[in-house]
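**Q** Sequence:
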Amino acid sequence: MLSKKYLSVGVLLLVFSILLSACGPQREVTQNEVTQGEPEKPEELTIWAWEDTKSAFQNIGDKYTEKTGIKVNVVAAENADISLDAPAGRGPDLFYETHDRIGDAYLQGLAAEIKLTDEQLKGYQKSALEAFTIDGKLLGIPSSVETIALFYNKELVPEAPQTIEEINEIAEKLTNADQNEFGFLNITSDFYPTFPFLTAAGGNVFGKNDQGEYDTNEIGLASDEVVEGAEIIQSWHENGYIPESLTYDVMNGLFRDGKVGAIISGPWGIPDFEKGLGDNLGIAPLPTYKGKHLQSFLGVKGFAVSEYSESKYWATDLGLFMTNAVNSKSLFEEVKRLPARDDVDVENELYQGIQEQLQHAKPTPNIPAMAQVWEPMGDALVFITQGEDPKEVLKEAVAAIKEQISLLGGNN
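FYI, in mature numbering (1 follows the signal peptide of the UniProt record, and there is no 0) the residues of the sequence shown are -22 to -1, 1 to 390.
Treat the hints with caution; some may be incorrect.
What the hints assert, rightly or not - Straight-line alpha carbon distances no greater than 20 angstroms define the calculated EDC-like cross-link-like pairs of lysine to aspartate or glutamate that follow:
(1) Lys237 - Glu150
(2) Lys45 - Asp295
(3) Lys45 - Glu16
(4) Lys380 - Glu370
(5) Lys340 - Asp320
(6) Lys253 - Glu311
(7) Lys19 - Glu288
(8) Lys237 - Asp227
(9) Lys268 - Asp202
(10) Lys253 - Asp235
(11) Lys93 - Asp295
(12) Lys49 - Glu288
(13) Lys369 - Asp202
(14) Lys186 - Glu203
(15) Lys307 - Glu44
(16) Lys268 - Glu203
(17) Lys49 - Glu16
(18) Lys340 - Asp168
(19) Lys237 - Glu252
(20) Lys115 - Glu191
(21) Lys340 - Glu191
(22) Lys237 - Glu137
(23) Lys253 - Glu312
(24) Lys132 - Glu159
(25) Lys307 - Asp40
(26) Lys93 - Asp113
(27) Lys49 - Glu22
(28) Lys104 - Glu334
(29) Lys32 - Glu312
(30) Lys314 - Asp250
(31) Lys340 - Asp193
Just so you know, the hints here were simulated from the structure itself, not pulled from any lab data. Treat the numbers as computed from the prediction; the structure is a model and nothing was measured.
Whenever a hint applies, use it, and build me the whole structure from the sequences.
**A** Encoded structure:
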């Protein structure tokens, strides 16, 4: 059964980040106010990005230079270095970040609050803005969104399954483990792609208080509804549909080679699967259960303004430019990042299924306490797939999560 002591690296990192928060610069109420007129332009602005987006962001940055005369330098860098580099004057003005890590950056005094007008907020998806908002403060300008969906091989599964019951029928019909052939596969030991099935009947990670903020005292991962979802997952292993200790490399390879009817994946898998399956690759939203759509985690990437930037106004202006409708569409065309905007049409059939699932996705909780959920729930799922009692396993997992959070000072 699950151990009660989950002192993971995540705990130590979060404690460290809280200690660092005292070292941040003095925050001013009007730090990013963009409605008071234009201050003097800086000669240049620096963006920290990821290697796979560096070139695309530089292309957009060059357009900003043409518009404003401000040189934009896009640097491939690790955001983990910003806590040391920014205070030393070597950090960026903007840094590209995922919404579920923005809380840590704010606690450390690295991400500045961004204040935008209603006009500037137009076009951005409401859920994407919510993902970058903590305690009523907007901490990032959304650039792209992603979630998981059902990927299927049209040669084996001509029509996308609409319900979990249909997935079970496909698994029963197509699975021949001795020949490495399967109807349906998912990495059930990973909480991220398994969450929609775990909460198929209802449930959530954290509840919310009257102000709409996450309440870590209310953890909904051991409810009767979640136990029902866990029993569905357990049945896949009891029936031999999903092999024990399945890895992503094995699952993706089998699907790419045409040996699996359907899997759970995300937009990151499209290029590889398209090479293997060609026109037989189909992508659809996740199935329903008892008439309700499965809810997946929504991931949002965007631009945070460094608290240490001496040009917060222009850094914010650059962030808005990088994520406007025109540049969001060009970013998709170049690196296939789905825009975090309602006013951009993506004309690509393969991504339509993911866009449909985005309507049923909710942001991964963006509070630091979420870091304490992944490991206990991953361990719980392993025990569940091995036949342990789901109700008892989930109760122990929630107790472990609460213990970790309490070590960090409670509702963070």
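**Q** Decide, hint by hint, whether the structure agrees.
**A** A quick look at each hint next to the structure:
Straight-line distance between C-alpha atoms of Lys237 and Glu150 comes to about 14 angstroms, which keeps the hinted pair within the 20 angstroms bound. Distance check on the hinted pair: Lys45 and Asp295 sit about 12 angstroms apart at the alpha-carbon level, within 20 angstroms; holds. Between the alpha carbons of Lys45 and Glu16 the distance comes to roughly 15 angstroms, so the proposed pair stays at or under 20 angstroms and holds. Pair hint Lys380 plus Glu370 holds up; C-alpha atoms about 16 angstroms apart against a cutoff of 20 angstroms.
For a cut-off of 20 angstroms, the pair hint linking Lys340 to Asp320 stands: about 16 angstroms separates their Cα positions. Restraint check: the Cα-Cα separation between Lys253 and Glu311 comes to about 18 angstroms, which is no more than 20 angstroms; the hinted pair holds. Annotation: proposed proximity of Lys19 to Glu288 holds, straight-line Cα distance about 11 angstroms (limit 20 angstroms). The straight-line distance between the Cα atoms of Lys237 and Asp227 is roughly 14 angstroms, inside the 20 angstroms bound, and the hint therefore holds.
For the suggested pair Lys268 and Asp202, the alpha carbons sit about 15 angstroms apart, so the restraint of at most 20 angstroms is met. As the CA atoms of Lys253 and Asp235 are separated by approximately 10 angstroms, the hinted pair is consistent with the 20 angstroms bound. With a CA separation close to 11 angstroms, the supplied pair Lys93 and Asp295 stays within the 20 angstroms bound. Taking the CA atoms of Lys49 and Glu288, the gap is near 15 angstroms; set against the 20 angstroms cutoff, the hint holds.
At most 20 angstroms may separate the alpha-carbon atoms for a hinted pair to count; Lys369 and Asp202 meet this at roughly 8 angstroms. Proposed proximity of Lys186 and Glu203 is supported: the alpha carbons are some 18 angstroms apart, at most 20 angstroms. For the proposed pair Lys307 and Glu44, the alpha carbon gap of about 19 angstroms is at most 20 angstroms, so the pair holds. Distance restraint check for Lys268 and Glu203: the Cα-Cα separation of roughly 12 angstroms lies within the 20 angstroms cut-off, and the hinted pair is therefore satisfied.
With a C-alpha separation of about 17 angstroms, the suggested pairing of Lys49 with Glu16 holds against the 20 angstroms cut-off. Proposed proximity of Lys340 and Asp168 is supported: the alpha carbons are some 18 angstroms apart, at most 20 angstroms. The hinted pair formed by Lys237 and Glu252 meets the criterion: a straight-line CA distance of about 15 angstroms does not exceed 20 angstroms. A hinted pair counts as satisfied when its Cα atoms are at most 20 angstroms apart, and Lys115 with Glu191 qualifies at roughly 12 angstroms.
For the given pair, Lys340 sits about 14 angstroms from Glu191 by alpha-carbon distance, which is consistent with the 20 angstroms threshold. Straight-line distance between C-alpha atoms of Lys237 and Glu137 comes to about 17 angstroms, which keeps the hinted pair within the 20 angstroms bound. With a C-alpha separation of about 18 angstroms, the suggested pairing of Lys253 with Glu312 holds against the 20 angstroms cut-off. About 15 angstroms separates the Cα atoms of Lys132 and Glu159, which keeps this hinted pair within 20 angstroms; it holds.
Restraint check for Lys307 and Asp40: satisfied, since their Cα atoms lie roughly 16 angstroms apart, inside the 20 angstroms limit. Proximity of Lys93 to Asp113 is assessed by CA-CA distance (about 14 angstroms); at most 20 angstroms being required, the pair is judged to hold. The straight-line distance between the Cα atoms of Lys49 and Glu22 is roughly 4 angstroms, inside the 20 angstroms bound, and the hint therefore holds. For the proposed pair Lys104 and Glu334, the alpha carbon gap of about 16 angstroms is at most 20 angstroms, so the pair holds.
Straight-line distance between C-alpha atoms of Lys32 and Glu312 comes to about 11 angstroms, which keeps the hinted pair within the 20 angstroms bound. At roughly 13 angstroms between alpha-carbon atoms, Lys314 and Asp250 fall within 20 angstroms of each other, so this suggested pair holds. Between Lys340 and Asp193 the CA atoms are separated by roughly 16 angstroms; this keeps the pair inside 20 angstroms, and the hint holds.
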